[in-house]
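Mind assembling these two chains? They're in different frames, but the hints should get you there.
Read top to bottom, the protein sequences are chains A and B.
In case it helps, numbering that gives the first Met the number 0 puts the first sequence at residues 0 to 312.
In case it helps, numbering that gives the first Met the number 0 puts the second sequence at residues 0 to 457.
Any given hint could be a false lead.
Below, in silico cross-link-like pairs of lysine to aspartate or glutamate (EDC-like), each with a Cα-Cα straight-line distance of 16 Å or less [stated by the list, open to error]:
#1 B:187 / B:403
#2 B:351 / B:327
#3 A:89 / B:226
#4 A:309 / B:374
#5 B:353 / B:374
#6 B:378 / B:341
#7 B:351 / B:335
#8 B:188 / B:229
#9 B:227 / A:254
#10 B:351 / B:374
#11 B:227 / A:308
#12 A:311 / B:226
#13 A:311 / B:374
#14 B:434 / B:400
#15 B:134 / B:23
#16 B:188 / B:231
#17 B:189 / B:152
#18 A:309 / B:184
#19 B:434 / B:411
#20 B:378 / B:347
#21 B:241 / B:226
Keep in mind the hints are simulated off the structure, nothing from the lab.
Note that the structure is a prediction, hence the values are computed from the model and not measured.
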Amino acid sequence: MKTNLRYRGRLGQIGLYLGKFMRIFVYQNDWKVLPMAAVISALVVFVVGRNLFVTQEGTATGTFALVCVCIWIGFFNSIQIVCRERDVIKHEHRSGLHMSSYLAAQMILQFLICIAQTVIMLVVCRYSGVHFPEKGIIFSNGVIDLGVTLLIITFTSDMMALMISCLVHTTTTAMTLMPFLLIFQLVFSGTYFELPKAAMGITFLTISKWGVISLCSIGQYNAQPMVTLWNTLFKFRNIEYMGEKPLLRIIQNMEKNNTVHDFLMWSAKYNQNDLYTSDALNVWITWIALLLLALVFVIISIISLESIDKDKR
Amino acid sequence: MADFFSRMFFTWFLMSLGLWKLSEKMNWEKRWMAWIPGLRYYAFADSMDMRAEGMGCGVLEILYFLMSVSPFAFEDPTKLVIAALISLAIVIALYVYRIRIFMRMILLFDLKRRWLICWLIAEWLTVLVLGFGRKYQPHPEVSFQAGWEAGMEPAQISGVSAAMNATTASRNGLSVLLRERTVRELGKKKYLLKDIAMNIPNGSLVLLLGGSGAGKTTFMNAVIGYEKADADIYLNGTNVYKQYGQMKYKIGFVTQTNLVRTHDTVFRTISDAAKLRMPLSVKLEERNERVREVMDLLGLTPVASGLVSKMSGGQLRRISIAIELVSDPELFVLDEPDSGLDGVIARELFEKLKEIAGTGKIVIVITHTPDRVIDLFDKVIVLAKDSGRVGRLAFYGSPGEAKEFFGRDSMEEIVQCVNRSEEGGEGLADDFIEKYARSRIGSTSADQTGEEVSSDED
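If we strip away everything but chain B, and leave its shape as in the complex, we get (with noise of 0.2 Å):
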């Protein structure tokens, strides 16, 4: 027993002192959790973005050494071969967890792939050799850190808040007042939008722009109340959030995806969207002739019998709209409704959505090419990530306000100068977003659209 232990012991302390030195070459903030077992896998990983490896990889570790002293604790044969099944189980889990945490440690320290066998063999001695050896550092072009501390704390960009407090609920269109919708990942608060404010006035087609990761759906979601924020949204007037029961039949999303079944009729899966979205008290005749209508929008009524898995691309994403589109919702989103579509379908789709906008809804769609439908589009939401990567408003107004803002001929340009450097972009997003909060400040009063919201109205 007193062998296990100093054995344990002396591999204790020389991972711990191996460890100790990678730290400081990995710039831990709590050097002391090298020391540690279970916490030192976890600062070792989360040094390097896999904080859920970490978690995973420390606590396995506690728990094979509980198992392993569980032999001095048992003397049943049958208790034994139990505690040895649930090692064998703890040992598997934990080394993989170890490969993939030691795969990143390679690729930092831009090492050979021959170093994981080293490794595998012998850990405390490859930790040793990493951490004293002069000549292995971590390659100055990679850093996980930036990853990781992403969301974490929003830039401090001065009257965005102001600007967000200046701007009061209206009764007619989309009003949006989404203070902050955060996530919580393993314990740690991380932002992913923050401070966002408009009035969309109703029948406008709008256009969100914002780079990839910038938060466009997750803005989206947070309007139509699928991910919650903190946040006052009203759709004419009601709480989106507070009136939700009702309002879910008044929104329209058309996700990413094609959300279809697809061993159905085009007709049948329209129609029974209708069934599912519309009130009672619309009559069969009338519920049977807003399907054929919408159908005959979306260039849909030549395919109705057939089935839908036999659609091409451009079917397929009408027939996702048509099932949105059929319960004639107030508000109505689509999440790049043209992927997968060519230049001219496209362009028809944008001028069937410009028509239903045409009725006094609201439209807004994401997409990644929007220079080619931009003459269509009545408004233009930019999003941005700030240099804390918290997504953020860079600008709400019309196509030509917008080139006139941001000094760009196109959309896509925009997109670019708001993207961060590291994405190919100019990263000029915080003076943008600063740009327009101090804009703001100065016309919040003129660009209210109709009544305020009363505070009772919740």
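Isolated chain A (complex conformation) (with noise of 0.2 Å):
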């Protein structure tokens, strides 16, 4: 005997779905990663918001906290979401669920979530005092290049996530996988850290390299002032040569003249990085490059999953 009835496909399984996860979004307390996400970034941009987008020095310490944030927020967000319920739904594979689609239903949440956080993040930066790039490079508004550029990073480190917690079965090897990802996204960021040349490969596999970048560009890094040369002559500027006190003058005299932002702006010259140069192509860059890591999270996410059924007993 032959059936052929036909049962809800991929796209009525991610309908369904999606319904089911946020209705346990809200009832399993995962909303706690809303407030969460307000809370780190004030902490962060408490510390570094000052001179973000302001000077050179400034935006490159900020964008790469900035990034850490949403890194930390986007693997908080599905570290454990699915190796959590993974007998579950090893149970509903058999029963006809497509794993495309559960993980389809968990991408359009995540991607919902992560929009929450990203606009909590701008209203925290914005309530904090950072100073936010007026013109945009993609969008009119800098603003809006910055909520993009977050949410991708945001969204990435969530689908980055994600894949570990298809890969892995239980939550307590997720969560020990966790921090080593996190260093390792931090310290092969390649921004920050000086690498050896023999490791700089690697950092354009990671998130962190690609948010820098795109933040910085959007920042226009290299259009800002550089105040470590200033900094530093103004810290000696008590030193004597021959019975005088030269770096003293110099700077009395830049003031005097009213130079000092040229001084700024010169030695900030010698600073610029190719890397974050502010044009259109130079973001999309950025962010196709986010999100076919993305992409690849995804697929692994998928491939790992459909091999659910080899699970042992």
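In structure tokens:
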């Protein structure tokens, strides 16, 4: 006896599971990730926000910290969501659940959560006095460019954690792996810490590298003043040479002639970075690179979940 | 360098000598393995039913040897540091494996735990003492070998294969022709089930009996296609394995543990299961009606809007059943549905299962407390481990016939008589497997409940 009954297809299952996950998000107190985003970004912005998008040094440190916040938030969103219900998924897979639908539903929900978290981060930054770039590169408003970048970084990190959650079998293993991934993202960004040449290739696989490049481009890093040299001069202004204080005299002259800013911009020229060129192509490349990473993570997630039936009892 | 290798040779020789003597006491099959680094720990662990640990230890031992000679190959200090770090990681893993193996050895030789310290400090010396010391002998009551050999070779029981071959699949109900269910464990074939054949008519409530480890869950997983065996399984004439894409919707399986998302409402949980499992041709009203019907049947209507996480153990069990039942499966399998339920609730549950079976379905239940509800069952399947520790069919028939066949008054006594003696049973499994097989050969044709499935049905 052969039957050809039709059952709910992939698209239908996405809707079904999206509804389910949204209810679980509310009932299981997963919504706590939203205030958590506010708290973490407030903490970081309190420390590094003052010079973010103002000076080259502040932008370099601040964007790196902001990217770390996004990665941290993204990781926490989804590191446990699949492995904590692996047995249930396995059972449902045998009852007709398509893994691609399951993951698509998870992705949509995570994307919505990431949007909410990005808005929260932007609001926190605004009220903490961060000086947003006024003019955008892709969109007319710099805040939108910044928001899209933060969203893509958070979402890609989220997908990376989702992949880990699909690969491992228990929440304990997932939480054990998470610090290693975080450290890897921080250390191998290739922007904040100097890496040996041989390790530079790895940096292209990190979310942090593309995130920092994108934020620095949007934040007009190369057009900002550099204060390190000025600060160093100021620090050593009282050094005497042959009974005189030459550095102090230079500083006073510059202040008197109102050329401090020119000096800062002149020194910034020597600190510009080609990676941070503020043009549309550069920003698009970083966005596409991040989205490609997310795509790879999703593909690995689907492949790993498709073999869930092989899990041992 | 020469000093290094002479020290290595000295350690290898003494260690191997000690293990070689130990292998005599522990009845290794291949005693020469004691002299081969890498293989010796494998053989040592294998003889104590720790094959996986032995294999890990063997591989790590080889890696450690390679890493310890690597300083002679590298001159670059960076490479040397990396080699040292890798060696350290290998040594830690190696010692963890060795500790596990030696702990088992302590148990086998009935030693004090302080031997572990001696062994950690001077491994070769400890092995030499244990190997050559006459007073150190394996404990006669501790045997691991039997555990490892379980399932490697099924017992030769006459008539079983003949009974299996004599059974033909029926077009109606559930037909099981399971030749064998095996797994590969570290390269070795292990039998879990062998030669199980039966035809279960529609409308039956079936009890699946068997001692712990007899293969009940394995059997059910094979029957419903979760874990495929070398078998032909037909449900109302359709091959379950070959038409699994469609048949999976016609089979409901309630597992031992409740596989339910706890942070959703009871109604939504069951309703979503219906959406996933019921055909698209079923109208919305019809589907909702079915959800309400199942909830009524299982007494879940009063808690429909409650969260699953707030439900009691019994309610949670009923939700698990409702999820599977809502799609109205033709074959409904429940693995210990009454676990955690008191006698009255369990009885009610089985009465409901009897009602479900009464609608023309096949309901198969695994339970460890069958006697309180045995009057409700139409058929009993008894699985037992043969002397090779392979799951076999010891009986299939009505509960009354089962009592007569085994000469026992209750199902629990039947389980006890087929259980192995070391498990507190009577160890009569082989006898009953053979007795049942012989009885089957004579009565196979009378057992057919419907038209045979033709070979081109597949």
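Legend entry - Ascending list of hint numbers which this structure does not respect: 1, 4, 6, 9, 13, 16, 19 and 20
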